[in-house]
Structure formats: C-alpha cells, structure tokens
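Undergrad: Chain residues, written in single-letter form:
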Amino acid sequence: MIDYTKKLREEKMKLFKDNKVVNWHEHVWDDDDGKFDAQQSDLLVESARRAYMDVLVCSLPVSGGSPDPDVIRRKNNIIAEAVDRHPNIIKGMAFVNPGYSREAVAEIERCVNELGMIGIKLYNQYFISDPVLHPVIEKCIELDIPILEHAGKQMSLPVDQPFISDGTHFAKVAEKYPEAVIIMAHIGGGGDWQWSLKAISDCPNIYTDISGSVYDEGIIEQTVSYLGAERVLFGTDGSFSQGIGKILAANISEKDKIEILNNTRFSRYLERGAY
Amino acid sequence: MLIDINTYIGHWPFRQLRNNTAVGLLSKMDEYGIDMAVVSSLNAVFYKDTQEGNRELIEEIQNNKAQDRFIPFAVINPKYSAWEKDFIYCVENMGMKGLELYPYYHRYALTEPESVELVKLAGEMNIPVHLPCSIVNVRQRHWMDTNDNLKYDQVEKLLALCPDTDFIISNGPSHMIARQLKKVSKERKGRVYYDFARLDVFALRAPTSAFNALVQDAGIDHIVFGSVLPFQYADPQFVRLTYAGLSEEDMDKVTSGNLKKLFQL
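Going down the list, the protein sequences come from chains A and B. Per this note's numbering, residue 1 is the first one in the first sequence, and the count goes up by one each step. Per this note's numbering, residue 1 is the first one in the second sequence, and the count goes up by one each step.
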C-alpha cells in the first residue's frame with residue numbers, strides 16, 4: 001500500500017516548492033490593545049515559509065458593525081507595519097467602509113499612494129452591488145487596483161450577515177463596472193459555492209480565491225470548469241492545511257494549478273507596493 | 001498502516017457525490033493508501049427505518065468481497081421503533097463494529113432516555129459510539145438539509161451518563177471539543193477519540209496550532225485519522241500529517257495504532 005504522506009512530502013509538495021506561490025487572502029491582526037500583533041505576523045510568515053508560499057496579501061477588516069474612518073485608519077496602519085516588518089513577503093490591502101464614501105476614497109488614496117498597498121478589502125457592510133460602493137469602485141478602477149470582497153451564499157440559519165454578497169451581487173456589479181477587477185472571496189468559505197460559481201461564470205472581471213476551510217471533493221474542479229484557471233487565485237484565509245490540500249488534490253492540469261498559485265493576470269499588482 | 005475512522009457509502013440527496021459506492025470508495029482508499037476504513041450508510045441516515053440502510057451497506061461490502069477493508073458501523077435512530085433489536089442484530093448478525101448516531105438528522109437529544117439507554121447498551125457490548133459533528137458544513141447546506149450540528153453540551157452530559165462507553169468524535173472543531181470534555185473524560189472508564197479533519201496544523205494566529213491544542217487536551221493516544229471520504233478531498237489530511245511534526249511512534253498511533261487498540265485488531 002502506498003505511503004501517501006511520503007508521496008505528498010516528497011513529490012506533490014514540489015508544486016509549491018518549484019513554483020511561485022501568491023496567497024491572495026490572508027490576514028494580520030491587532031492585539032487586545034488594538035496594536036500591531038508582531039508575533040502573530042511572525043507566526044504567519046514562518047508558516048508560509050514552511051509551506052513554500054512566496055507572497056502573502058494581507059488585510060485587517062472589521063467584520064462587524066459599521067466602523068468609522070478613525071478605526072479603519074488604525075487598522076490599515078497595522079497592515080503597513082506588517083509590510084514594514086516583512087517587506088519581502090507581505091503585501092497590503094486597505095480595508096474601507098463604503099458607507100463613509102468620501103473618507104473611504106481618501107483612505108484608498110492614502111493606503112495606495114503613501115503606504116504602498118496593492119488593493120482593497122471590503123467586508124459585509126454592504127452588498128457589493130449597492131450604489132453606495134460606486135465611488136469606491138470608481139477609485140479602484142482609476143488606480144487600477146483589485147477589490148477583494150468578503151462573500152458567501154449563506155445557507156445556515158439564522159442569517160448573521162444580512163449584507164454578505166453572493167455570486168448574484170457580483171454579477172450585477174460586473175455588468176455596471178466591467179472594467180473593475182473584483183475578487184469574490186473564499187469560494188471554500190462562503191456557503192453554497194455552487195450557487196455563486198454559476199452566478200459569476202459569465203462575468204469575466206469577477207475572480208475568486210480558493211481560500212476557506214471547506215474542501216469539498218470537486219470544489220476546485222468545478223471552480224476551474226466555471227471560471228477557467230485564469231480567474232482563480234490561491235488563498236488560505238487562516239486555513240493553510242485546507243488551502244494547500246485542495247489544490248494538491250484537484251483533478252486539474254498542472255498548468256492550471258501553477259496559474260492558480262501565481263495568477264499572471266494579477267502579477268502587475270505585485271510589482272507595486274514599494275515605498 | 002492507515003485506518004480511517006470516517007467514510008460513507010450511499011446516496012447523498014443534496015449534491016452529486018463521486019466514489020460513493022464500495023468500488024468507488026475502495027479506489028480512493030487505494031489511491032491514498034488507506035488500508036481499512038470505518039464506513040456507514042448514508043442511506044441509513046435518510047431512510048425512516050435506518051436498518052434498511054444498514055442492510056444495504058453490508059450487502060454492498062459483501063458483494064464486493066471487501067470485508068477485510070471495511071469496518072461497518074450501524075446507524076441507529078433511538079427514537080424509532082425496535083431500535084434495540086436492530087442494534088443487537090447489527091452487532092451479532094451483521095458483524096457491525098460500531099454505532100453511529102445522527103441526532104441532528106433524526107431530531108432527538110443525546111440526553112433523552114432512549115439515547116442514553118442505547119449508548120449504555122453499546123458500552124455493555126464493547127461497541128464504540130461514533131458521533132460525527134456534521135456530515136457537511138451547514139453554511140453551505142441545501143435548504144432541505146439540517147441546520148444543526150452535534151451539540152457538545154449534550155455530548156458532555158452523555159459521557160457522564162454512560163461512563164463505560166467508548167466514543168469517537170469526528171469532523172468538528174476537535175480541539176475545542178476536547179477542551180470542553182477534558183474534565184468529564186478523565187472521570188470515566190470509556191475512552192474518547194477525536195479526528196483532526198477540521199483542524200489546521202499550521203500556527204497562524206497563536207503559537208499553538210489547533211492540532212497541537214488537540215494533542216495537549218486529548219493526548220496523542222486519543223487522536224485518529226478521518227478523511228470524510230467521499231465528501232472531501234483527502235489531501236488536506238495528509239498535509240496535516242506531513243506538517244504535524246509527529247515522531248514516528250506518534251505517527252503510528254494516529255494513523256493506525258490507536259484504532260487498532262480500540263477495535264482490537
């Protein structure tokens with residue numbers, strides 16, 4: 001009988017070892033006092049190195065309520081500290097609350113132009129198709145930066161995220177802004193992934209990342225089947241074992257796996273970020 | 001040797017599954033080097049009379065001459081008539097080696113008298129009780145599927161009420177469950193085992209990974225391998241084994257030694 005652990009360690013992990021791996025969905029966190037948790041960022045980076053990940057694109061979103069601009073600036077400054085501490089591996093994404101429209105646009109400019117961030121992260125404060133997002137999306141188009149939006153078709157009850165965006169919301173915004181580059185986050189952590197994949201399959205500017213703790217058999221094959229590997233990004237969102245394992249397991253071509261691990265359509269963003 | 005604590009054969013009503021027959025599951029087991037697997041009937045979860053599904057499972061295993069690869073567990077609903085007779089028949093006549101309970105599908109509490117009676121009976125018969133925390137993640141459930149997971153407070157009470165019975169708890173946040181059940185587990189004769197199908201071995205937010213937290217609270221002698229085939233990819237389990245940093249001796253316990261002891265193989 002085959003020793004699959006040995007096979008994975010000695011053969012299958014070569015996929016990660018021999019190719020550039022860009023993780024488009026990770027986080028660094030603040031501590032109990034709201035300060036940068038340097039130790040946590042060190043743990044994250046150390047784990048990434050063990051798993052042959054070359055780039056970690058990190059954000060620090062506020063997952064509840066409607067955070068005000070001061071809170072958001074503090075969160076984004078923490079991302080900047082993480083980038084400073086690990087400049088060779090961490091890239092930053094700015095979190096904003098589109099409800100504070102003018103401040104959100106200003107914060108995007110600050111984070112991109114002054115702090116060297118390479119995209120923005122949105123959470124569940126509004127559906128991505130809500131018109132309140134228009135100034136934010138237009139600013140991202142102007143700056144040519146991607147938008148990573150927390151997403152999911154939540155099926156468990158009670159609904160605790162009433163404004164979480166599912167694939168149908170992304171399809172609407174794709175129609176309104178076909179030139180925007182938008183990532184529907186964590187196909188493996190957003191509820192009914194089949195629903196969302198079907199909804200965005202015909203929207204060429206909507207991408208997804210594979211992060212999340214779910215690794216249902218077939219999830220990667222169906223994602224690539226609906227979107228093509230060129231619209232899929234590697235990510236983990238706090239689930240390294242699952243993220244690595246599902247790409248290794250997927251019955252797709254080696255070429256597609258390499259494209260997902262380092263999506264070439266997004267390479268230009270990684271070249272930015274230098275102060 | 002590798003023994004898997006959590007696999008299924010049968011039809012899943014809510015999403016197309018591949019390799020959900022004995023032949024299909026055996027092919028995946030061969031691919032991953034899984035020598036033996038605990039298996040239960042998905043049909044038994046959904047039929048009113050679980051015993052129909054249990055019979056189908058045994059027939060499927062026998063028809064494929066795979067008795068040496070599978071360790072069949074009986075799905076019993078203690079709120080359905082003749083549950084005691086069915087359970088005894090499964091053990092004594094069908095060669096089933098364990099009991100598997102789905103309170104969140106069959107809509108009962110583990111602390112109800114019939115549940116306690118069944119689990120006590122299992123203990124008296126030296127039959128371990130498997131409690132999967134869920135079959136699939138409820139966040140993505142079909143709208144007709146259950147919205148509930150295993151209730152850990154009920155498990156804690158059940159452990160105290162049935163101190164001689166061995167338990168296996170799988171496919172859930174095992175590190176948190178083991179922490180909750182640590183005290184009651186120490187006060188009983190029966191053993192409690194956990195799989196690590198939902199845990200990360202990488203430390204990303206705290207110095208201790210979820211897997212290592214499980215080792216600390218449950219002990220390496222109580223950790224077992226569970227793939228949840230054919231619902232999930234098995235590779236993440238092997239990523240965990242690769243990066244867990246276990247000694248050869250501990251790896252042997254997790255991959256087969258602990259279950260060999262439980263099943264007296």
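Hints are computed from structural coordinates only; laboratory data are not their basis. Where a beta carbon is used, it is the ideal one built from N, C-alpha and C, also for glycine. Be a bit skeptical, because a hint or two may be false.
[What the hints assert, rightly or not] Here are some chain B residues the structure puts well away from chain A; computed CB gaps all over 12 Å:
id : residue
1  : Pro13
2  : Gly95
3  : Tyr105
4  : Glu117
5  : Asp164
6  : Asp166
7  : Arg198
8  : Gln216
9  : Val228
10 : Thr255
[To be verified] Covered by chain B, per the in silico footprint, the following chain A stretches (three or more residues, Cβ under 8 Å):
id : segment
11 : 33-45
12 : 154-167
13 : 235-249
14 : 252-263
[To be verified] Label pairs and their in silico Cβ distance ranges:
id : chain 1 : residue 1 : chain 2 : residue 2 : range
15 : A       : Glu175    : B       : Pro113    : 54 to 64 Å
16 : B       : Glu59     : A       : Gly64     : 47 to 57 Å
17 : A       : Asp68     : B       : Met251    : 43 to 53 Å
18 : B       : Ala206    : A       : Gly64     : 51 to 61 Å
19 : B       : Gln264    : A       : Ile2      : 37 to 47 Å
Undergrad: All hints are to be evaluated individually against the structure, with a verdict given for each.
TA: Quick rundown of the hints versus the structure:
| no. | hint | result |
| --- | --- | --- |
| 1 | Pro13 | holds (15 Å) |
| 2 | Gly95 | holds (23 Å) |
| 3 | Tyr105 | holds (15 Å) |
| 4 | Glu117 | holds (31 Å) |
| 5 | Asp164 | holds (35 Å) |
| 6 | Asp166 | holds (26 Å) |
| 7 | Arg198 | violated (7 Å) |
| 8 | Gln216 | holds (17 Å) |
| 9 | Val228 | violated (9 Å) |
| 10 | Thr255 | violated (8 Å) |
| 11 | 33-45 | holds (count 4) |
| 12 | 154-167 | holds (count 4) |
| 13 | 235-249 | holds (count 10) |
| 14 | 252-263 | violated (count 0) |
| 15 | A:Glu175 with B:Pro113: 54 to 64 Å | holds (58 Å) |
| 16 | B:Glu59 with A:Gly64: 47 to 57 Å | holds (51 Å) |
| 17 | A:Asp68 with B:Met251: 43 to 53 Å | holds (50 Å) |
| 18 | B:Ala206 with A:Gly64: 51 to 61 Å | violated (21 Å) |
| 19 | B:Gln264 with A:Ile2: 37 to 47 Å | violated (26 Å) |
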